[in-house]
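The listed protein sequences correspond, in order, to chains S and U.
For what it's worth, the working numbering labels the leading residue of the first sequence as 1, then goes sequentially.
For what it's worth, the working numbering labels the leading residue of the second sequence as 1, then goes sequentially.
Because the hints were derived from the structure by calculation, they are not lab data.
Keep in mind that a hint or two might mislead.
Said to hold, decoys possible - Below, in silico cross-link-like pairs of lysine-lysine (BS3-like), each with a Cα-Cα straight-line distance of 27 Å or less:
| id | chain 1 | residue 1 | chain 2 | residue 2 |
| --- | --- | --- | --- | --- |
| 1 | S | Lys123 | S | Lys257 |
| 2 | U | Lys163 | S | Lys123 |
| 3 | U | Lys125 | S | Lys123 |
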Amino acid sequence: MRAAELNGDARPVGGPIFTAGFNALLAIVGACGLVIVWRLFRGLGAVSAMNDGYPWGIWIAYDVVSGTALACGGYAVALLCYVLNKGQYHSLVRPAVLTSALGYSLAGFAVLLDLGRYWNIWKAPFLLNWNRNSILLEVALCISAYTVVLWIEISPAFIERWRDSTSPLLRGIAERLTPFLNRTLLWFMALGILLPTMHHSSLGALMLIGVSKLHQLWFTPLLPLMFVVSCIAMGYAVVVFEATVSARLFKRPHEHKMLTSLSGVMVGVLTTLVGMRLVDLISRQRIGLAFTPDRYALFFWLEMAAFITPAILLAPKDWRRDPGIQFLSALMMMVAGTLYRFDVFLVGFNPGPQFSYFPSAFETLVTLGLIAVEVAAYLAIVKRFPILSGAPVAAGPPGLVSGLRAAS
Amino acid sequence: MSISRRTALKGLLTAGAVAATGGTARAALPPKRPDPEAVGLLYDSTQCIGCRACVTACRDANGLAPQPTSLRGAAYDAPTDLNAHTKTIIKLWNTGDAHGYVKTQCMHCVDPACVSVCMFSALHKTAGGIVAYDKDACIGCRYCQVACPFDVPKFEWASATPKIVKCELCRDRLAEGKEPACTAVCPRKAVIFGKRSDLLREAHHRIAASPDRYVPTVYGEHEAGGTQVLYLSSVSFAALGLPALGDQAIPYFTENLQHAIYQGFIAPVVLYGALAVVMFRNRKLTEESQEGQP
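This is chain S alone, in the form it adopts within the complex (with noise of 0.2 Å):
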C-alpha cells in the first residue's frame, strides 16, 4: 500500500506477465534478432534495401526521426505540466515519461545498427575530433542525454517500488536515490524540455544539406521548426492513443476529461503546422508544386489530409468529447507526423533517376522487432511498477516531485 501513497495515484496494473499477446511480441522480437545477427555477418547491404542513393532507410526515417517524434509524449506533457503550469494533466507524465524512455531508448540501438562502422564510436569521448559544423552530431548527442534524462525522470516510479522490496539491494538503492532526486529532479525535467526542442528542430535541419536533393514541397528554411512543432503534435496523440488503449486493455477508468481538453490542445497545434506549412509554400511561391500530378503532390496531400482532418474532428467541442473519435484523430495525427518525416527524408529526397529505394522484407522486420520490444516493455513495467493512475484526477495531485518530497 505504501507504494501508492507515495504518488498519489499510480500503482501496478498488476496480473501475468506472460500472455498470449506478449509472447507474439516476444516471437517477432526472436526474429527480428537473427536479422540483426544477420546484418553484423553480411553487412547492411545483406538485409537492407538501402544504396548509395538512398544511404538512409526506415532505419533512420521511422526507427529514429519518427521514433523519437513519436516518443515525444513525455516533452509534449511536460510542456503542459510543469512550464504551462497545468496540474490537472499530472496522471499522464509517468505513462508518456515511460513510453518516451523506452522509444528513445531503441531509437538510440537503431543508430547502432545503422551504423556502418558503430565499433568507432568507443573513440568519440577521447580521439575523435569533434565537427561542430556537423548537424547530426548535435542530434547525437542531443538524443543520448535526453534518454538518459527520460530514464531518471521516470525514476521515481522504480524507486517507489523498490523501496518496499524484499532485495536489500534494490531497498538500499532506492534510499540513496530519493534524497539526490527530491533535490534535482526539477532540474532534469528543465532538461528534458530543453533537449528535445534542440535535437527535433535539428532532426528537421538535417536535412536542410539536401538544397539540390529535397523536393521543393518540403524544402524549406522552416524545417526545423516544422519538425518540432509537429513533434509536439505527435507527442499530445500518442499520450491520448495510450491513455485510451491502456484504459480499455487494463479495464480502468477512461480519464475523458482531460483527453478531451488534450484533444482540444491538438487542435491548436495542428492548426498552427498546418497554417505554417501552407504560408510557406505560398511565400516562397512553391503552392504550384502541390498541383502537379506526381508522386510528390500525392504524398503532400495525404500528409496534409492526416493533419487536417483530425483539426477538424476535433474541432466541434461535442466531436472532441467522443473516446471514439479522440482516439482516431490521435491517430491520424501520429500518422500525419510519421508520414511528413518519411516525405522528407524517403519520398520527396531525389538523388537522381539512376536511385531508388523500398524498405526490404529483413529490413521491415527490424523495424517491426524494436516496436515490439517497446511494447512488451511497456506492458510489463506497468504490471509491476506504480505507472498508471487508478483514477482521473482533479487538479494539482502530488506528482512525482512533490511526492517524492513528502516521503523523504
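Given the structure of chain S, go ahead and fit chain U onto it with the hints provided.
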C-alpha cells in the same frame, strides 16, 4: 495560475528572442575561399575519346578489384556508375546531334558538404584542399552520402566492416611526387592535374582560343561555392549530367543556421535557465495552493 503561465511564456519568449538576436546581430560567416595552394583536375570533355584508361589506372593505383559483369559467357569490367570499387568512371553523353564522354569522380569542393556534415571529421580537407577520408574516425553514418550534391561518396554495403570509398586525388601518389593515376595515364591529356588557379587560367585560355569549340563557362569555377575539379564542354553541362547548382556552397546555409543558434551555446543555456525558473516557480505555486486547501 494565469499569472504563472504569463511568466512562463514571457521567460520563454525572452529566451527565444536572445536566440534570435544572437543570430542576426552577428554577421553571417563569410563564404569559404579556395586555398591558394588548392590542387585539382581540369577535364576537357572535347579532348576525351572514352578510352577508359583512367578507370583502369585508378583501379590499379587504389588497389580496387575489377567489377566483372558477365554477358553471354564473356566477362567485362563495366561498372555503370561510381561504386564501392570504382572511384572514377567514364560515361557517354548523347544529345542526339552529338555525343561524347564525361569523367566522374570526387569534385573536391572548396567548401564540401560531406566535410561539413561529418561528425568526427573522418572526411576532411587536407593539404592542397583535397577531401580525404580517415576510416579510423568514420562511424559509418553515411550522412556524407546524403549531403553530397554529386553523389560521390560510396559505401561498402556488402562488407561487415564497411568503409566510405571516394577519390582522394591519389594523395599517396602526390606525396611521392607523382601525379594522380588518371592524369598520368590519359593519352589525350583530356584530364590534367595542377593548382586550381593554374587550371582555371588554362580553362579560360582554351575558351578564349577556340570560342566556337566550348560553352563559355567553366563548370566548377563558381558552382556550389567552387570545386577543385573543373570541366570544359562543347555542350551544356546539364547534357553532361552535371547538376545545376547555385553559386552558394552547399553547407553555407546550414552552418550559418547552426552557428546562429548555438553560437557560444548561449541560447540553449538561457532557455534552460528560463525553463528552470518557470518550473521552480510553478512548483512553489502548486504547493502553496495545496497548503491553502483543507
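Evaluation of the provided hints:
{"no.": "1", "hint": "S/Lys123 x S/Lys257", "verdict": "violated (50 Å)"}
{"no.": "2", "hint": "U/Lys163 x S/Lys123", "verdict": "holds (17 Å)"}
{"no.": "3", "hint": "U/Lys125 x S/Lys123", "verdict": "holds (21 Å)"}
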